[in-house]
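Undergrad: Read off the chains here:
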Amino acid sequence: MSDLTLTTERERPLDPPDKFTELRERGPLHRMRYADGHLGWLVTGYAAARAVLADPRFSNRPELAHPPIPARLELLKEQQFQVPPGFFLRMDAPEHTRYRKLLAGQFTVRRMNQLEPRIAEIAEACLDRMEAGERPADLVEEFALPIPSLVICELLGVPYDDRERFQADSKVLFGLESEGADVVAAMTRISTFLYGLIQHKRAEPGDDLLTGLIEGGELTDEELTGVAFLLLVAGHETTANMLGLGTYALLTDPGQLAALRDDPSLMDDAVEELLRHLTIIHLGPVRAALEDVELEGTVIAKGEAVTLHLPVANRDPARFPGGDRLDVTRPASGHLTFGHGIHQCLGQQLARIEMRVGYAALLRRLPGLRLAVPPEEVPMRTDMSIYGVHRLPVTW
Amino acid sequence: MKIEADTTVCIGAGMCALTVPKVFDQSEEDGTVVLLDPSPPAELEGAVRRAVNLCPSGALSVS
Numbered sequence: 001m002s003d004l005t006l007t008t009e010r011e012r013p014l015d016p017p018d019k020f021t022e023l024r025e026r027g028p029l030h031r032m033r034y035a036d037g038h039l040g041w042l043v044t045g046y047a048a049a050r051a052v053l054a055d056p057r058f059s060n061r062p063e064l065a066h067p068p069i070p071a072r073l074e075l076l077k078e079q080q081f082q083v084p085p086g087f088f089l090r091m092d093a094p095e096h097t098r099y100r101k102l103l104a105g106q107f108t109v110r111r112m113n114q115l116e117p118r119i120a121e122i123a124e125a126c127l128d129r130m131e132a133g134e135r136p137a138d139l140v141e142e143f144a145l146p147i148p149s150l151v152i153c154e155l156l157g158v159p160y161d162d163r164e165r166f167q168a169d170s171k172v173l174f175g176l177e178s179e180g181a182d183v184v185a186a187m188t189r190i191s192t193f194l195y196g197l198i199q200h201k202r203a204e205p206g207d208d209l210l211t212g213l214i215e216g217g218e219l220t221d222e223e224l225t226g227v228a229f230l231l232l233v234a235g236h237e238t239t240a241n242m243l244g245l246g247t248y249a250l251l252t253d254p255g256q257l258a259a260l261r262d263d264p265s266l267m268d269d270a271v272e273e274l275l276r277h278l279t280i281i282h283l284g285p286v287r288a289a290l291e292d293v294e295l296e297g298t299v300i301a302k303g304e305a306v307t308l309h310l311p312v313a314n315r316d317p318a319r320f321p322g323g324d325r326l327d328v329t330r331p332a333s334g335h336l337t338f339g340h341g342i343h344q345c346l347g348q349q350l351a352r353i354e355m356r357v358g359y360a361a362l363l364r365r366l367p368g369l370r371l372a373v374p375p376e377e378v379p380m381r382t383d384m385s386i387y388g389v390h391r392l393p394v395t396w
Numbered sequence: 001m002k003i004e005a006d007t008t009v010c011i012g013a014g015m016c017a018l019t020v021p022k023v024f025d026q027s028e029e030d031g032t033v034v035l036l037d038p039s040p041p042a043e044l045e046g047a048v049r050r051a052v053n054l055c056p057s058g059a060l061s062v063s
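Chains as they are written, first to last, in full-length UniProt numbering: chain A, 1 to 396; chain B, 1 to 63.
Everything labelled a hint here was simulated from the structure, so no lab data went into it.
For each label pair, taking beta carbons as the anchor points, the in silico distance ranges come out as:
no., chain 1, residue 1, chain 2, residue 2, range
1, B, T8, A, T5, 39 to 45 Å
2, B, S27, A, E177, 40 to 46 Å
3, A, P136, B, T8, 51 to 57 Å
4, B, S63, A, E11, 44 to 50 Å
5, A, P367, B, P41, 39 to 45 Å
In silico negatives: residues of chain B with every beta carbon more than 12 Å from chain A:
no., residue
6, M1
7, K2
8, L35
9, L44
10, E45
11, V62
12, S63
Computed footprint of chain A on chain B; a stretch qualifies when at least three of its residues, placed anywhere within it, have a C-beta under 8 Å from a C-beta of chain A:
no., region
13, 18–28
14, 47–59
It should be emphasised that the depicted structure is a prediction, and the values quoted were computed from it without experimental measurement.
Each residue gets a CB set at the ideal place from its N, CA and C atoms; glycine is no exception.
Okay, chain A solo, but in the shape it has when bound (with noise of 0.2 Å):
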């Protein structure tokens, strides 16, 4: 069992792997084989994996982690596994604790509703130009990646005109490809970017979210850059990710794209639905046991690695009965695409509205939406540690 590596790659582009989906039929917990050599563990059971994610003893720790596939092994050897100041998506409780209460405030439901009108202007207004280009238009470049980038710049106060400047490192730093030097220099420029925005806003006071995080004075700047940079790139990647994949998989599955038209209230059934299913964080998360901890029947030994494999583990059909199928009528709450425990998703209740409003402002303006090329020719995200569609070309 210890020949047991992670791969990306699929055999059909809306399933997980098929070696995976067996493996969850076999049981929760496997030995895999790390890119480091080091013999950890694969968690493919939904139980299990929420189990893991919930557990202190389980830690997100850099210094302690091992890499599932070879992507920046070089790399994360040279840096040492240095967690920059303000990360803290790579700290544990209690240092993680103090960063997310000074943001989550600012992500509540409340909060977020209140900016779905300015949400859906930035969708009708994607929507405008779409129609207004030529056909096929790429979905991805004209509607996927600016609603999300648009709002979060709005959010955090980063100028859009800047996007150039983190839009092509942001996918340099999802690459499983890029070369470790490139990742550093992308990482670097974004931080310079954003550092010297902190310094302008402390001059010049904006009223956005960065604005406010200075004015509370708890942070340092160099933690400002890091929380900022969370925020920018976390709030691309995702949602973007799932506007794209999502439509992709409506579009090829014309039984559930008519019942959402038809029904427009299923959508936020829909959307928790698109979630589960296309589970967009294909490799990781990624775990290190503190100690000894013992997971359905099996002991994780301190200091081994415990990578969860979401996409198989939101299929268990412990947990979600004919899983494999989507279904846009199923309650899919429960899902693990936005994490569990102390590091699930800040931006969630953003996600989910963008995605709402999005899709609904999609199906109403272009009703004949639909693919200009074979699906099979559709470039899938194998190689970027999120999931999706590179480019989407459809007409109408």
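Starting from the known structure of chain A, arrange chain B on it as the hints suggest.
TA: Same frame as chain A, but now just chain B:
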């Protein structure tokens, strides 16, 4: 049904406020749970149990 919320554990994910907004809200300060109705009526019991189960931090309990 009686709900208890531990705001020291809560991380402000908002799953409770999303699931049963009549019973749960969030602090504007740090996003942590605010109980609008610690003893909700019987017809909300199922939804409250769903919210407790969805809570990522284990901050909610019912008795």
